[in-house]
Each structure stands twice: as C-alpha cells, then as structure tokens.
Amino acid sequence: MEYTQEIVVNVPRDRFLELFDNPSLMSHWQKGLLSFEPLTGVPGQNGATSKLVYKRGRGTLEMVETILRRQLPDHFDGSYDANGVHNISNNQFIDLDGTATKWVAHNIFELKGFMKVIGLLFGFTFRKETLKTMEAFKKFAESNPQS
-12 MEYTQEIVVN
-2 VPRDRFLELF
8 DNPSLMSHWQ
18 KGLLSFEPLT
28 GVPGQNGATS
38 KLVYKRGRGT
48 LEMVETILRR
58 QLPDHFDGSY
68 DANGVHNISN
78 NQFIDLDGTA
88 TKWVAHNIFE
98 LKGFMKVIGL
108 LFGFTFRKET
118 LKTMEAFKKF
128 AESNPQS
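So that you can map any letter, position 120 of the sequence shown is 107 in this note's numbering, and since no number is skipped, the others follow by simple counting.
Hints are computed from structural coordinates only; laboratory data are not their basis. Computed from a prediction, not measured in an experiment: that's the story for all the values here. There may be inaccurate statements among the hints.
List time: in silico EDC-like cross-link candidates among lysine to aspartate or glutamate, alpha-carbon distance up to 20 Å [what the hints assert, rightly or not]: (1) Lys42 with Asp68; (2) Lys119 with Asp64; (3) Lys18 with Asp8; (4) Lys38 with Asp61.
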C-alpha cells in the first residue's frame, strides 16, 4: 500500500523543523505517544534507531524507528517497524515564501500475516491516521508553543 498526504502549516520552515525535530515535543502532536527511547546511534541522525511506544485501545503498540535520510531542511525519511508492519515514510518540507511550510509525506506500507488482512479491509484508515497526525502537528505548530 502506497500513498501521499500533504498539508500546509502556517509557520516558517525553520520554526516547523524546530518543533518537528524535537523528541520531547512529540507527545504534543502524536496521539497516544507514551515514550520515545533512543536505541542506537545519535538520536535523529542517519542510521539511528529509537523505540516508540503508543497507547492503542487497551494495550500498547511498540515500533522501532530507523532514520534513513536526514537532509534538513528539505527531507526527513524513516522506517517504522511494528508487529506485521513495515512502513517507509519519506517527508519533504517545502518553504512557502518564508511564512509557511508545505509538508508532503509519502508512505509505503508492507504488511504481513494478519496485518495484511487488516490492510485489505481497512487500508483507508492508514491514510486517515497519517493525515490526522499531520493535522495535529499543524494545530500544535500554529498554536505558537514553547520549544
């Protein structure tokens, strides 16, 4: 499954990245994030891995993030692995006249086992969740938070 979502966030790109690239702020815009734990490498840099734990329903979802490409201010790509799911997320950040940032997120999901069935039946929810997360970041960034 592959799709692209985009959103315009009404903050300059440098401010966008200051907020986006700060793990201590992730819980403000990533719903259900319980913890972010660096595992290997320099956090946020190419090749680094981190464990993210999210509250999902009555349980938790654990995934491992691997930074594939960090070419800020333009690109940030990562892979995200959880039980039965491998996701590659390619993110592009486009400066709009110094006043706003266009965030383009291209996602590729590889599903295995039971998750393959879930993907066939409810694939649209993956797109919806991606857009919800992007909208949550937009709301957070535009609220002029402290960083």
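Okay, the hints, checked on the actual structure:
The suggested pairing of lysine 42 with aspartate 68 holds, with an alpha-carbon distance near 16 Å, which does not exceed 20 Å. The suggested pairing of lysine 119 with aspartate 64 holds, with an alpha-carbon distance near 19 Å, which does not exceed 20 Å. Note on lysine 18 and aspartate 8: the hinted pairing holds, with a Cα-Cα distance of about 16 Å set against a maximum of 20 Å. Distance check on the hinted pair: lysine 38 and aspartate 61 sit about 24 Å apart at the alpha-carbon level, beyond 20 Å; violated.
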